[in-house]
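Make a model of the complete structure from these sequences and hints.
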Amino acid sequence: MNTPSPAEAGSNPTTSIDHQPERVDEISRCLEELHSTNPFTRSNAAHRLGDLHAGAEDLIRALKEDPNSYVRSASAEALGHLTGEASPEILDELLAAIDDNNDYVCSAVINSLGLLHALGAVEQIKACLGDSNPMIVQAAILALARIAPAGFAAELEPFLSSPHYVIHLAAVRAAGYLECAPAGPLIQGYLEQHLASNTPRDLKLLKLYIEVLARLKVKPAIPLLIEIARHEIGLRSTAVEALIELNAEEAAPVLALQLTDPSNRLRRNLIEMMLQANYRPALPLIRSLLHDTSISIRESALAAVSKWNDSASVDVVRWMAYSDPNPFVRPQAVTALVTISGIEALPDLMALAGDVNGHVRRAVVYNLRRLHPLPEKAVSLLNELASDPDLSSLVQEVLATYQASPAVAPPPGAKTANHFVPFVVRKDLPFLLESLERWQSALTDQADGSTLEQIAQIDQALSSLIDLLKKSTSTGSREQAGFTPSS
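With the sequence shown counted from 1, adding 10 to any position gets you the working numbering.
Rather than coming from a laboratory, the hints here were simulated on the basis of the structure. Please note that the accuracy of each hint is not assured.
What the hints assert, rightly or not - Okay, derived cross-link-like pairs now, DSS-like style, lysine-lysine, Cα gap no bigger than 30 Å in a straight line:
#, residue 1, residue 2
1, Lys229, Lys214
2, Lys227, Lys214
3, Lys136, Lys214
4, Lys481, Lys387
5, Lys217, Lys229
6, Lys387, Lys317
7, Lys317, Lys481
8, Lys480, Lys317
9, Lys227, Lys217
10, Lys480, Lys387
11, Lys136, Lys217
12, Lys227, Lys317
13, Lys136, Lys74
14, Lys317, Lys229
Unchecked claim - The following label-pair restraints were derived from C-beta to C-beta distances:
#, residue 1, residue 2, range
15, Arg275, Lys317, 19 to 25 Å
16, Leu213, Ser171, 19 to 25 Å
17, Val264, Asp477, 29 to 35 Å
18, Tyr175, Pro195, 18 to 24 Å
19, Ser171, Glu282, 33 to 39 Å
20, Arg39, Tyr175, 36 to 42 Å
21, Glu407, Tyr175, 56 to 62 Å
The structure presented is a predicted model; accordingly, all values stated were derived computationally and were not measured. Glycine included, C-beta positions come from ideal geometry on N, C-alpha and C.
This is how it looks when you write it as structure tokens:
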């Protein structure tokens with residue numbers, strides 16, 4: 011039995027140094043189990059050595075000498091997972107085993123040669139394309155797709171039309187690997203045929219068709235993908251992802267109303283689509299997702315309202331900064347609040363500077379850096395936060411970059427928000443504000459595809475009015491307390 015060398019034991023790039031002793035122990039145990047009298051134990055040990063990227067010498071011996079085909083197959087597969095450039099010995103032994111009398115072993119050998127990008131094995135693998143066993147042909151197609159020898163993409167078409175499911179599946183996947191553009195129309199045709207048939211949906215195959223169409227940039231497939239995104243349960247999210255990859259901006263208006271769908275993955279993908287297409291009429295629908303129970307949906311919605319500087323979202327975003335149940339969403343909300351509100355978010359930053367959540371405190375300092383020029387209050391706050399060991403370096407960086415500057419007074423003749431609100435309605439401001447906010451929150455209740463853009467126009471107008479009335483209310487309160495706008 012061979013014990014692993016220090017280099018071999020440390021060859022797994024995903025294993026931290028802290029876990030090296032446990033890994034060395036597991037490799038040693040697997041190497042012992044390769045000599046078990048139980049073939050099931052030997053097979054599992056070979057698989058695990060592949061996961062651990064170790065034991066090449068013992069795996070080669072098992073591939074050559076073990077009488078059990080499952081063990082030889084597992085050993086061949088494990089050799090394909092060894093990290094670094096494959097040694098000539100490994101490649102030679104895999105090639106020697108390509109004619110094993112068991113088809114599972116042959117398939118595993120071919121697959122590993124593909125994973126190891128064994129360019130010298132291309133001719134032997136190509137010879138397997140004519141094998142009578144579809145499983146071996148499938149392995150050869152995928153191996154050649156990984157090695158990508160010159161001209162192989164042009165040889166795929168006969169395999170795309172193969173009556174054998176596994177060969178057809180492999181050829182479609184290979185077309186995607188090789189970015190074989192001529193295969194695009196064929197694959198689109200297969201997708202259309204499958205959807206039009208009365209056979210049960212093969213979601214695995216259909217998702218592969220859709221993913222490959224996106225990878226091959228088949229723009230004529232966009233209308234079909236839009237229809238799939240609208241109607242085909244189980245395929246909608248995949249279709250939306252493909253439309254995003256195809257940069258299909260025309261899909262956004264058609265699919266925006268599906269932002270109310272219960273599927274988290276679909277809604278998350280649709281938010282990304284709306285942002286990519288800059289389809290702002292979807293904003294009222296996205297704004298409502300700030301209340302969603304899904305963390306990822308709230309994060310995506312935050313990114314959208316922040317990018318579009320949506321003033322109507324300020325109150326919800328502020329609440330999220332203080333009270334969102336997820337500790338990692340809160341700092342994102344702090345940043346979104348500053349993006350939307352600018353200097354008006356300073357009182358919130360000051361209030362959140364002492365938050366128990368360290369991520370929130372760091373977000374406060376980061377966002378103070380975004381205020382230009384830094385108000386006196388912000389500088390004082392930063393000096394206080396400099397004593398926080400988790401923030402001191404970031405605080406010093408901000409203080410070194412910016413110098414204290416007094417708040418800039420409004421230029422002469424600048425009008426306050428109150429100036430634009432007629433005196434006769436000022437006494438009704440609370441009622442007006444509440445009514446307008448209820449109107450805005452209910453806008454999307456009756457939305458359909460033909461009214462979404464009109465709703466978005468009304469939403470924008472309401473946002474402007476609500477923002478004006480809020481500023482007017484704030485100004486009025488300050489004036490009643492004896493402050494002038496410039497104070």
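For each hint, the structure was consulted:
Restraint check: the Cα-Cα separation between lysine 229 and lysine 214 comes to about 22 Å, which is no more than 30 Å; the hinted pair holds. A C-alpha spacing of about 20 Å is found between lysine 227 and lysine 214, which places the hinted pair at or below 30 Å, so the restraint holds. Our distance criterion of 30 Å between C-alpha atoms is met by lysine 136 and lysine 214, whose separation comes to about 27 Å. Between lysine 481 and lysine 387, the direct Cα distance comes to roughly 21 Å. Compliance with the 30 Å bound is thereby established for this hinted pair.
Between lysine 217 and lysine 229 the alpha-carbon distance is near 17 Å, which keeps this suggested pair within the 30 Å criterion. Between lysine 387 and lysine 317 the alpha-carbon distance is near 27 Å, which keeps this suggested pair within the 30 Å criterion. Between lysine 317 and lysine 481, the direct Cα distance comes to roughly 22 Å. Compliance with the 30 Å bound is thereby established for this hinted pair. Between lysine 480 and lysine 317, the direct Cα distance comes to roughly 22 Å. Compliance with the 30 Å bound is thereby established for this hinted pair.
Of the supplied pair hints, the one linking lysine 227 and lysine 217 holds, its CA atoms being roughly 15 Å apart against a limit of 30 Å. With a CA separation close to 23 Å, the supplied pair lysine 480 and lysine 387 stays within the 30 Å bound. For the suggested pair lysine 136 and lysine 217, the alpha carbons sit about 28 Å apart, so the restraint of at most 30 Å is met. Taking the CA atoms of lysine 227 and lysine 317, the gap is near 27 Å; set against the 30 Å cutoff, the hint holds.
Taking the CA atoms of lysine 136 and lysine 74, the gap is near 23 Å; set against the 30 Å cutoff, the hint holds. Using a Cα cut-off of 30 Å, the hinted pair lysine 317 and lysine 229 holds, with the two alpha carbons roughly 28 Å apart. For the hinted restraint 19 to 25 Å between arginine 275 and lysine 317, the CB-CB distance of approximately 21 Å keeps it satisfied. For leucine 213 and serine 171, the hinted distance range of 19 to 25 Å is satisfied, since their beta carbons lie about 22 Å from each other.
Between valine 264 and aspartate 477 the beta carbon distance is about 31 Å. The supplied range of 29 to 35 Å therefore holds. A beta carbon spacing of about 21 Å between tyrosine 175 and proline 195 agrees with the range 18 to 24 Å that was offered as a hint. Restraint check, serine 171 to glutamate 282: a C-beta distance of roughly 35 Å satisfies the suggested window 33 to 39 Å. The hinted range of 36 to 42 Å is satisfied by arginine 39 and tyrosine 175, whose Cβ atoms lie roughly 39 Å apart.
Between glutamate 407 and tyrosine 175 the C-beta distance comes to about 59 Å, which sits within the given range of 56 to 62 Å.
In terms of the numbered hints stated before, the structure departs from none.
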